[in-house]
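Undergrad: With chain U's structure known, arrange chain B on it following the hints.
These are the residues of each chain, in order.
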Amino acid sequence: MTKILIKKQLMEVFSWIYQDKKTGKNRDKKGLLLYVFFYVFLFGFLAVIFYNMAASLCGPLVEDGFGWLYIALMGIVGMSLGVFGSVFNTFASLYQAKDNDLLLSLPLPTRSILIARLFGVYAMGLMYELLVMVPAMIVYFMHVSPDVSVVICCILIILLLSVFILTLSCVLGWIVAFVSSKLKNQKIITVLISLAFFAAYYYVCGSAGNMMQTLLLDPAGMADKVKGIAYPLYQMGLAAEGKWNAFLFFAFAVLVLFAVIYFILQKSFLALSIANKGNKKAVYVEKKAHTASIPRALLRKEVFRFTQSPIYMLNCGLGIVFILFAAVMLLVKKGTVDSLLMMFIGYEDRIALVATAAICMITTMNDMAAPSVSLEGKNIWILQVLPVSGWQVLKAKLGLQIIFNLIPTTFLIICVEWILKPAAVFVVLLPLTVVLFIIMMAAFGLTCNLKAPNLKWTNETVPVKQSMSVTAALFGGWIIVAAFCFIYYLLYKYFEVKALSFLAGLDVVLAVLCILLLKWLCKKGSNIFETLTNA
Amino acid sequence: MLKIERLTKIYGEKRAVDDLSLHIRPGEIYGFIGHNGAGKTTTIKACCGILNFEEGNIQIDGISVKENPLECKKKLAYIPDNPDLYDFMTGIRYLNFIADIFGVNANDRQERIHKYADMFELTQDLAQPISAYSHGMKQKLAIISALIHEPKLIIMDEPFVGLDPKASHLLKETMHELCATGTAIFFSTHVLEVAEKLCDKVAIIKEGRLICSGTMEEVKGDASLEEVFLEMEEK
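Residue numbers (our numbering), protein chains in the order written: chain U, 419 to 953; chain B, 4 to 238.
Warning: the hint list may mix true and false statements.
Said to hold, decoys possible - Here are some, though not all, of the chain B residues that point toward chain U, as calculated from beta-carbon distances under 8 Å:
{"#": "1", "residue": "L73"}
{"#": "2", "residue": "Y89"}
{"#": "3", "residue": "F91"}
{"#": "4", "residue": "N99"}
{"#": "5", "residue": "F100"}
{"#": "6", "residue": "A109"}
{"#": "7", "residue": "R112"}
{"#": "8", "residue": "H117"}
Unchecked claim - Calculated from the model, a selection of chain U residues having no Cβ within reach of chain B, i.e. all distances over 12 Å:
{"#": "9", "residue": "F432"}
{"#": "10", "residue": "D517"}
{"#": "11", "residue": "L526"}
{"#": "12", "residue": "L532"}
{"#": "13", "residue": "P637"}
{"#": "14", "residue": "K645"}
{"#": "15", "residue": "V746"}
{"#": "16", "residue": "A870"}
These aren't lab readings, by the way, just hints derived from the structure by calculation. Every residue, glycine too, gets a C-beta built ideally from N, C-alpha and C.
Bound conformation, chain U alone (with noise of 0.2 Å):
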């Protein structure tokens, strides 16, 4: 029974090769091969990356007797990729997957089943883990030439982390489980999560060249300090230079805290399970109603449509977040700008210019009106039946996107002119270049979307996160900035222009682009709007 189970939750856990979630059917075969050639790459490309981590490491500190050190560090790479990784499926595969209700209701025991539903948590992280401790262990061996114990060991210390990875995924997906069950709004957990867990990553790769330096100039140090706060991961270390009772130790470590979450997990499993998913029911009070016009009621429908959605936030306004970040970094670090700023001097016009070109750099991170159309999917009738027009509709979308960029962008800009000190042309040019940029790619995202809609979705992550539309805006954001760059730079090399005028002549480039995509958002749009059929 457990069996077919697991064979069931591999089959979904990696569904995502074999099947195509547009259309929900089976991949062809040339389709799949393609599929598979694509994810080797990137797996192989990743690897590749983890591989020159570790060869910068390993020699040094395998020369210097710190072998366990290297490995113990890599080890914290691969745990580290492999709850970051597969955390995201915990939650929902453990506590909130879709068929809980049907195998519940079957004649299985509640053992089976998370045992089914661990398997494929497991599955997920063993294959982030190994993108860093197979090249890891490559490297290694390249350093040490072991011997069979020593290589025994290793394979053993890979397949050991992995139910650590497996354990600590459990407990996040656990506290996520709990929290959540008691609270009456999930999606701001999941929101807050998800942000922490970017903020964390974003963190690490921001100071993992730091890192590094610190660890090369002074690996003692760094061996006192995983010593003293990771015992468990120095005796795994110390495991793979072929030390048993380290390994017995490591070992022990491992399958005990496993033993004891897995002994919660099992206790509070059905609880979580059939939990009233924190929709505690919300209490109907009669209040005196307040009307809006078309307008604004099609531009509040989709401020809740965004607001509502963790997965729609998260892939399409992160923008909002890194823009908040910025202006405070600006102010928090005004000493490091003014310093990199002295790299201007002679060229004090080029500060406006870079300055707007990385805000519209990072306005491209607020793609809310690509996947906008799509997002109507099965309800796509409601706006069709009711008395507004395309157009009204696909003004609502782009209101959204813009005013939602234009808010945080407005205190960037404020914190930009005040730190930087701009010319007082700039003063005016630099706002507007953003705030045509930041219509512009709106209308840009919204075309991309009626050009290429899909409603037939049943995940809205399909929508959101794999459509061409949102990878259109999102890149095209860039290329469109990096484009401008590139003719800046052409430009100023073979004709001289200043940077006052290439920004005023930009302006009125971004104002055509504008008219010119309103206007077939206006006319065409509206009318592929109004046409639009789910059937």
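TA: Structure of chain B alone, referenced to chain U:
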């Protein structure tokens, strides 16, 4: 109120609706019956302006759906067979959204929401997200949202599917009340007993073509509607 003249809708090579003409007057309850895939939903969607059609003309209160769809939509309400509503809104938010679009003033909307939500026993659930609603609750919400702007024409596709017996009964009563005020109702159904008891007129469609229409007495004579329908289907 609703005038369909020689409506033809073609999908590829198939004529889903072929040369169909119907006339629904104010205050009439008009039933539309036919087997699965006969062309009922296609006709209904064309009347609501959701679906383009190749030939013919549809007028609502004298206004062409093709030429002035927005004016037509202001006068009608549509309840689909499968009420896919905005899952991300609460029931009350959805009703307010629909009321805003139709420009229903605060007092009227409050009074109507109160009246119909109480009638369909949905008041206590209005603060709940629609995603937590059952099919029947969504159907009730779709019905309330259709009544909130007092439309002149109500078009319904299988309105009784998913409703509990009490809600079904209430809907039938409401339909009668609305007709008494001059509202026209055009609806499709597979429940022939309901059509027989409820409708003033009935139309039977087969493979896209209208095979019979008229007052209930004209269509069924002394037989039951079920017998007439089955006989016509076999021809």
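Undergrad: Give a verdict on every hint.
TA: Evaluated hints:
no.	hint	result
1	L73	holds, 5 Å
2	Y89	holds, 6 Å
3	F91	holds, 4 Å
4	N99	holds, 6 Å
5	F100	holds, 6 Å
6	A109	holds, 4 Å
7	R112	holds, 5 Å
8	H117	holds, 7 Å
9	F432	holds, 28 Å
10	D517	holds, 18 Å
11	L526	holds, 26 Å
12	L532	holds, 26 Å
13	P637	holds, 53 Å
14	K645	holds, 51 Å
15	V746	holds, 30 Å
16	A870	holds, 20 Å
Checked against the numbered hints above, the structure violates none of them.
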